[in-house]
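*Asks:* Now for the letters of each chain:
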Amino acid sequence: MAGHSDSSSSEKKSSEAMNDVPTYSAENLQNNMKVIYYSRTFMSIIGGVLAGILGFTGFMGFVLYFLVMAITSIGLIAKAKFSVHAYFDSWNRIILDGFMGGLMSFVLFWTFAYDIVHIF
Amino acid sequence: MAEDLVLDTAIRDWVLIPLSVVMVLIGILRYFVSKLMRSSQVPDPKIVKEGQVIVRARNLRAGANFIPPKSFRSRRVYFNNEENGLLFVPKGQAQNAQAQMFSDPNMAMDMMKKNLSMIIPQTLTFAWVNFFFSGFVAAKIPFPLTQRFRTMLQNGIDLSTVDVSYVSSRSWYFLNLFGLRGLFSLILGEENATDDTQRMMQMSGFGFDPTKSLGAEKDGLDIVQHEWALPKFEHRAEAVLKKLIR
Chain P
-4 MAGHSDSSSS EKKSSEAMND VPTYSAENLQ NNMKVIYYSR TFMSIIGGVL AGILGFTGFM
56 GFVLYFLVMA ITSIGLIAKA KFSVHAYFDS WNRIILDGFM GGLMSFVLFW TFAYDIVHIF
Chain R
-14 MAEDLVLDTA IRDWVLIPLS VVMVLIGILR YFVSKLMRSS QVPDPKIVKE GQVIVRARNL
46 RAGANFIPPK SFRSRRVYFN NEENGLLFVP KGQAQNAQAQ MFSDPNMAMD MMKKNLSMII
106 PQTLTFAWVN FFFSGFVAAK IPFPLTQRFR TMLQNGIDLS TVDVSYVSSR SWYFLNLFGL
166 RGLFSLILGE ENATDDTQRM MQMSGFGFDP TKSLGAEKDG LDIVQHEWAL PKFEHRAEAV
226 LKKLIR
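So the protein lines, in turn, are chains P and R.
Numbering (the numbering used here) for the first sequence: -4 to 115.
Numbering (the numbering used here) for the second sequence: -14 to 231.
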């Protein structure tokens, strides 16, 4: 979960007060998005295994998924040192992106771990 | 809800775990095989040139506000004028991409290879699963579902009395096929990120016309509202310096 800083992060902060011209490096932004995607996938797999081993069924598992995703978001925000606009162009990127993408992995690993531990 | 089925632990040891492991290994194998089979074709210089022109025009559009109005206008004319602008494509000169594709057998070959490296392992795995593991319950998903999902999850079992949350081995294969994509992107890196669905999309947009994107870029450049950002930057610099002094 490495966060690559935008090279113009310090400049960016000061311009927040101004009516800001978007000064983002597209490559850095893309890299940041990729980091988000990877960390979300990773966390959804870990969360799935966790839910399976703990034996969550039904609604509880999905609650755990949302919890894990929220934790990931908070972790990412903390990684961005709480100045999200230095790294991303909107809040949606850090909070919503890849939210549903990890669900399939989560369900698979949830099922897998649950079956191995509890069913047989 | 029906009473819980008792599943043999042998199913876990000899079906569930091997099937998942095999799916992961086959995914990795497929990645490397398709990497080996990828032929490095020499790109057509004309297409590369057009692509570079598009990149330059896009850069101009992105950085439009950082250059003075006069510079921006002269650059825009350089790209867009109707006589010899770089983005201007005379009518009728646009060549048919479809015809070009057929004239180049390498391209079709490459596409076929990509297709084959995708389809063959899937067919083989499916046949293997069908042959060895067909017709019994292998897993149970830990959340309830409605009857609609029966055909999806109990593919290969024709019993209507089994609870829907039990998954047949064949359907477990399908679940793996879709759910492991995230894992692959983690262990194989970003190159695998262009997964099957995206590859399909690329294929459907295969016969795309470079002159069309030139035209689109031209239109985009035409409608840019130029507003020079530098006058405002003095205020910004002032703010930064004030902060430093404090």
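Worth double-checking, as some hints may not be accurate.
[Stated by the list, open to error] Label pairs and their in silico Cβ distance ranges: (1) P:V112 x R:R46: 50 to 58 Å; (2) P:A21 x R:L21: 31 to 39 Å; (3) R:L(-10) x P:K29: 57 to 65 Å; (4) P:K29 x R:N69: 36 to 44 Å; (5) R:F134 x P:A21: 51 to 59 Å; (6) R:P106 x P:D84: 24 to 32 Å; (7) P:I48 x R:G200: 53 to 61 Å; (8) R:L101 x P:A21: 30 to 38 Å; (9) P:V112 x R:L10: 33 to 41 Å; (10) P:I48 x R:E212: 40 to 48 Å; (11) P:F115 x R:R46: 36 to 44 Å; (12) R:L21 x P:I48: 20 to 28 Å.
[Unchecked claim] So these bits of chain P aren't anywhere near chain R, every CB distance computed over 12 Å: (13) S34; (14) G70; (15) S78; (16) A108; (17) D110; (18) F115.
Think of the hints as simulated: they come from the structure by calculation, not from any bench.
No residue lacks a Cβ here, since even glycine has one placed at the ideal position from N, Cα and C.
*Asks:* For P:F115, is the shortest CB-to-CB distance to chain R above 12 Å, so the non-interface label stands?
*Replies:* Not fine: 5 Å to the nearest Cβ puts P:F115 too close to chain R.
*Asks:* For the hint 57 to 65 Å, verify it against the beta carbon of R:L(-10) and that of P:K29.
*Replies:* 43 Å, violated
*Asks:* Could you let me know if the closest chain R CB is still more than 12 Å away from the CB of P:A108?
*Replies:* Answer for P:A108: violated, closest chain R Cβ roughly 9 Å.
*Asks:* Taking 24 to 32 Å as the hint, is the beta-carbon distance of R:P106 and P:D84 inside that range?
*Replies:* 39 Å, violated
*Asks:* Quick one: are P:I48 and R:E212 within 40 to 48 Å, going by C-beta?
*Replies:* Violated, since P:I48 and R:E212 (Cβ atoms, about 57 Å apart) do not stay within the stated range.
*Asks:* Take the C-beta atom of P:V112 and the C-beta atom of R:R46, compute their distance, and say whether it sits inside 50 to 58 Å.
*Replies:* For P:V112 and R:R46 the Cβ distance comes to about 55 Å; the hint holds.
*Asks:* Could you check the hint for me, namely that P:A21 and R:L21 are 31 to 39 Å apart, CB to CB?
*Replies:* 32 Å, holds
*Asks:* Does the no-contact call for P:S34 survive, Cβ to all of chain R over 12 Å?
*Replies:* 10 Å, violated
*Asks:* Given the hint of 36 to 44 Å, check if P:K29 and R:N69 actually sit that far apart at their C-beta atoms.
*Replies:* 40 Å, holds
*Asks:* Does the beta carbon distance between P:V112 and R:L10 stay inside 33 to 41 Å, or does it fall outside?
*Replies:* Given a distance of about 23 Å, which is not inside 33 to 41 Å, the answer is violated.
*Asks:* Using the beta carbons of R:L101 and P:A21, state whether their distance is inside 30 to 38 Å or not.
*Replies:* 35 Å, holds
*Asks:* Does the hinted range 20 to 28 Å hold for R:L21 and P:I48 at CB?
*Replies:* With Cβ atoms ~38 Å apart, the hint is violated.
Violation of the numbered hints given earlier is confined to hints 3, 5, 6, 9, 10, 11, 12, 13, 16, 17, 18; the remaining hints are satisfied by the structure.
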